[in-house]
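We have chain B already, so just place chain L on it with the hints.
The residues making up each chain are set out below.
There are 2 protein chains.
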Amino acid sequence: MSSGHISFKSIKFVGMMKVTLIGAGNLATQLGKSLKKVGVIISQVYSRTEASAKSLGELLDTEWLTDIAKLHDEADIYIFSVKDSVLCELISEVCKGRGDKLFLHTAGSMPMSCFEGKTKHYGVFYPMQTFSKTKDVNFENIPVFIESNSIETEDAIRRLAYKISKRVITLSSAERKYLHLSAVWACNFTNYCYSVASDLLTQHGIPFDVMLPLIDETTDKIHKISPKEAQTGPAVRGDRNVMNQQLKLMEDREDLQGLYQMLSKGINPHIETLD
Amino acid sequence: MSSGHISFKSIKFVGMMKVTLIGAGNLATQLGKSLKKVGVIISQVYSRTEASAKSLGELLDTEWLTDIAKLHDEADIYIFSVKDSVLCELISEVCKGRGDKLFLHTAGSMPMSCFEGKTKHYGVFYPMQTFSKTKDVNFENIPVFIESNSIETEDAIRRLAYKISKRVITLSSAERKYLHLSAVWACNFTNYCYSVASDLLTQHGIPFDVMLPLIDETTDKIHKISPKEAQTGPAVRGDRNVMNQQLKLMEDREDLQGLYQMLSKGINPHIETLD
Numbered sequence: 026m027s028s029g030h031i032s033f034k035s036i037k038f039v040g041m042m043k044v045t046l047i048g049a050g051n052l053a054t055q056l057g058k059s060l061k062k063v064g065v066i067i068s069q070v071y072s073r074t075e076a077s078a079k080s081l082g083e084l085l086d087t088e089w090l091t092d093i094a095k096l097h098d099e100a101d102i103y104i105f106s107v108k109d110s111v112l113c114e115l116i117s118e119v120c121k122g123r124g125d126k127l128f129l130h131t132a133g134s135m136p137m138s139c140f141e142g143k144t145k146h147y148g149v150f151y152p153m154q155t156f157s158k159t160k161d162v163n164f165e166n167i168p169v170f171i172e173s174n175s176i177e178t179e180d181a182i183r184r185l186a187y188k189i190s191k192r193v194i195t196l197s198s199a200e201r202k203y204l205h206l207s208a209v210w211a212c213n214f215t216n217y218c219y220s221v222a223s224d225l226l227t228q229h230g231i232p233f234d235v236m237l238p239l240i241d242e243t244t245d246k247i248h249k250i251s252p253k254e255a256q257t258g259p260a261v262r263g264d265r266n267v268m269n270q271q272l273k274l275m276e277d278r279e280d281l282q283g284l285y286q287m288l289s290k291g292i293n294p295h296i297e298t299l300d
Numbered sequence: 026m027s028s029g030h031i032s033f034k035s036i037k038f039v040g041m042m043k044v045t046l047i048g049a050g051n052l053a054t055q056l057g058k059s060l061k062k063v064g065v066i067i068s069q070v071y072s073r074t075e076a077s078a079k080s081l082g083e084l085l086d087t088e089w090l091t092d093i094a095k096l097h098d099e100a101d102i103y104i105f106s107v108k109d110s111v112l113c114e115l116i117s118e119v120c121k122g123r124g125d126k127l128f129l130h131t132a133g134s135m136p137m138s139c140f141e142g143k144t145k146h147y148g149v150f151y152p153m154q155t156f157s158k159t160k161d162v163n164f165e166n167i168p169v170f171i172e173s174n175s176i177e178t179e180d181a182i183r184r185l186a187y188k189i190s191k192r193v194i195t196l197s198s199a200e201r202k203y204l205h206l207s208a209v210w211a212c213n214f215t216n217y218c219y220s221v222a223s224d225l226l227t228q229h230g231i232p233f234d235v236m237l238p239l240i241d242e243t244t245d246k247i248h249k250i251s252p253k254e255a256q257t258g259p260a261v262r263g264d265r266n267v268m269n270q271q272l273k274l275m276e277d278r279e280d281l282q283g284l285y286q287m288l289s290k291g292i293n294p295h296i297e298t299l300d
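Same order as they appear, the protein sequences are chains B and L.
With positions in the first sequence counted from 1, the corresponding number in this note's numbering is that position plus 25.
With positions in the second sequence counted from 1, the corresponding number in this note's numbering is that position plus 25.
The shape of chain B in the complex, shown without the other chains (with noise of 0.2 Å):
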């Protein structure tokens, strides 16, 4: 088979791969620009906010629309990026009438189901990085987690994935919630530590930056052992004496010193109630 061509059952699509995009933020532009890169066709971009589709579509050289009644036919492929609490009735307005047509969500938390009953191929198409408009990624080394209701689609999607990413991997829709909620901890939860500490920093005329080759060591030391043989610091030592002067510290952020202590028990079980 040649590289732009998918089989279903009933339809083939042969040459040039089109993928209309639905939705516009920060996983749909590193998505459209990564698959245009490679020769994909970005058909149309929706998004119900003018200015998200505008740019998009523009970055994309594409037609952009806010009016889903505007949306053609002429993609091969319906890739939804859009926010959990509208995917699903955008899903049934978009499949209807289009059952020729491959539909994908790149949702981690969404289960494949949200498809059932509205269309006939369908999947999911979750590549598990986080992704802003501004900041470009390398797509090769994103492992791209796929699902799909049928053989046939799945090695449709696993050929669009094969075509940005190094690594394809199958994963059911209960097991990427999992992936998911581990990716927001190892995210999510560490830039917002980072966050809590640039502002202690800033408020101590100290420059951040002095932060990163610790920031660095920290990423490059679970490249080569497990997270918990990594652990080091106050916590995991058992040392008392600086966990409750660093709580004195942040005497006027009671949020932080709350935190500070639950992660501190999560490091060390063993410690006990600080002063």
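It is possible that part of the hints are untrue.
For chains that are exact copies, the list does not tell them apart, and a pair is met inside one copy or across any two.
[To be verified] Heads up, simulated EDC-like pairs for lysine to aspartate or glutamate below, C-alpha to C-alpha not over 16 Å straight-line:
id : residue 1 : residue 2
1  : Lys43     : Glu99
2  : Lys61     : Glu83
3  : Lys62     : Asp86
4  : Lys158    : Asp245
5  : Lys58     : Glu88
6  : Lys145    : Glu118
7  : Lys145    : Glu177
8  : Lys191    : Asp234
9  : Lys253    : Asp224
10 : Lys160    : Asp245
By construction, these hints were calculated from the structure, which means they are not laboratory data.
Structure of chain L alone, referenced to chain B:
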């Protein structure tokens, strides 16, 4: 002045620097290796734990001891890298009768005043990094925060620091406390988040290494944009649907549920109480 030359008002060290390490933990191990590599002579290694003393002594090919009374006076500089709780007592013992020596400690949260009234030449040498005995670090990129009780002492400490690091910064004890607190957030708590992610994945048969590209990108981002700008995920989007779902996935872990709620609230204070 030659590079091996340290001068105080009253004393002079010319030639090879000789350092004795008080403590044989993670930091002492990495510091000792780095100092030895640049030609500093490691005179003795002390630890009250025989296994640690022996192991580092052998690693650095030098004398090791567990009896502080056997410490000799051959070194120019004595560096304390021990638990905060024993630091003051050890300082009193080691400084006694060694008024011509330079004494340093490497503790982020201990003030320089630990040395006050106990000796003449002293200071702090705090390399901000997460150290493990078994994982070597490149000291060159580690910022070393120094403090001293006189201009002459500072000059000596700075030259010692520049032997192993490209970034040497003078910082007061009061500021260093906040630096250390920030390091706990940016490194120790971050690593704990990795640890939680690892547990969740392992429990569901997913290998932790699928998380590494996401973790690398999370780190890479804050080299280019601030942590606040880099924040992504359900909390900052105000996506209560995902957050409530994820809380349910942790039903058997009340500790993680509590942390999840507090961290999400930290990221987005506008989040109402979750289900």
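Evaluation of the provided hints:
1. Lys43 / Glu99: within (7 Å within a copy, 76 Å between copies)
2. Lys61 / Glu83: within (13 Å within a copy, 58 Å between copies)
3. Lys62 / Asp86: within (12 Å within a copy, 56 Å between copies)
4. Lys158 / Asp245: This pair counts as between: shortest inter-copy Cα distance 15 Å, intra-copy 26 Å.
5. Lys58 / Glu88: Classified as within: same-chain Cα gap 14 Å, cross-chain 61 Å, threshold 16 Å.
6. Lys145 / Glu118: within (15 Å within a copy, 79 Å between copies)
7. Lys145 / Glu177: Answer is within: at 11 Å inside a copy they meet the 16 Å cutoff, but 79 Å across does not.
8. Lys191 / Asp234: Cα proximity of Lys191 and Asp234: across copies only (14 Å, versus 32 Å in one copy).
9. Lys253 / Asp224: between (27 Å within a copy, 10 Å between copies)
10. Lys160 / Asp245: between (21 Å within a copy, 10 Å between copies)
Going down the numbered hints, you'll see the structure goes against none, and every one checks out.
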